[in-house]
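Quick note on numbering: the sequence shown equals residues 60 to 374 in the numbering used here.
In short, the hints are calculated from the structure, not lab data.
Keeping only pairs whose Cα atoms sit at most 16 Å apart, straight-line, the calculated EDC-like set for lysine to aspartate or glutamate is:
id, residue 1, residue 2
1, Lys-339, Asp-291
2, Lys-236, Asp-144
3, Lys-339, Glu-353
4, Lys-114, Glu-92
5, Lys-316, Glu-217
6, Lys-62, Asp-161
7, Lys-132, Asp-246
8, Lys-236, Asp-254
9, Lys-317, Glu-353
10, Lys-339, Glu-296
11, Lys-318, Asp-362
12, Lys-236, Glu-92
13, Lys-236, Asp-266
14, Lys-317, Glu-217
15, Lys-213, Asp-266
16, Lys-236, Glu-168
17, Lys-169, Asp-144
18, Lys-236, Asp-135
19, Lys-317, Asp-362
20, Lys-112, Glu-81
21, Lys-112, Glu-92
Note that the structure is predicted; figures quoted are calculated from it, not measured.
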Amino acid sequence: MPKVSIIVPNYNHAPFLEQRLESILFQTFQDYELILLDDCSTDGSLDIIHRYKNKCPQIRVFLNDRNSGSPFKQWDFGVRQAGGDYIWVAESDDGAAANFLDEMVPILEKNSHIGLAHCDALIINDKGQSMASLSDNYSSSEERKTTDYINNGKAEIENRLCVSNTINNASGVIFRKTSYINAGFSDFGMRYCGDWFLYLRMLLATDIGYKASPLNLFRIHAGSSFHRYYADNHYLEEVMRIYHFVMQHLSVPPTAKKKIYGEISRHFCVALKRGFIPSKQVVYSMREMVPFFELCVLKFIRDLIMKKYVRGLLP
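Work the whole structure out from these sequences, hints included.
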């Protein structure tokens, strides 16, 4: 059996699919199987898939007759087909350094208590040009992760993951198949936040490893799903569902609670800024969780104005 199962879930990423497959086939670590899933693409992806299947018959291809409606249903299907001990969900519009698996697999091999490991990423555009590293994109030094580390799973949640998804590109993650199964798989009816919810549940029972090298290539382009986040009640509902889960299953430190309240206020304000009014259900959920919600929103706006003002004073 292969050591790693690489799952490539594709939907209408024909412009990037060939680059993604090449970045996998030229990995220096070769003890893997490649499972290629297509969720009823309409953009020419199938031509590329058939060409690579003819070129590399060992690729396992699964084609949907109709769109599943969720990337996480595809993840679950792929994991059920997987024969490897470790899983790499390599999104079809991203890429990777040739030594991605060579660097990431040993983290799990040498540490049986680690359920998932992830790495830094280079952000690239639709042409494959590098724009920045993912860690440099964080707003404060507290959030930046500049060195390799191993951390207790619950501590990682309480210090980072309870506030926001700091593992914010799935293609940079490798995890144990058993940890995924024990967490209950990833399809919990979510469209956007299923990965974040999965990592939280995995880390309640396992630990985490991090590699500071940017071995992953995270592509941002016009079709990227995050462009739709704040203008969709489904996304806001999922975020609130995750915060409720965190509050119920962990002793969240007061400092982290304060950050969560700030994040909820930020989500509300960004939605309004984009001309989107959150549903009554979403607003009710926010008010229910955040003490003095309206005051928190006003504080967020005040702090934002002050930051812009101070920035304008700097030379």
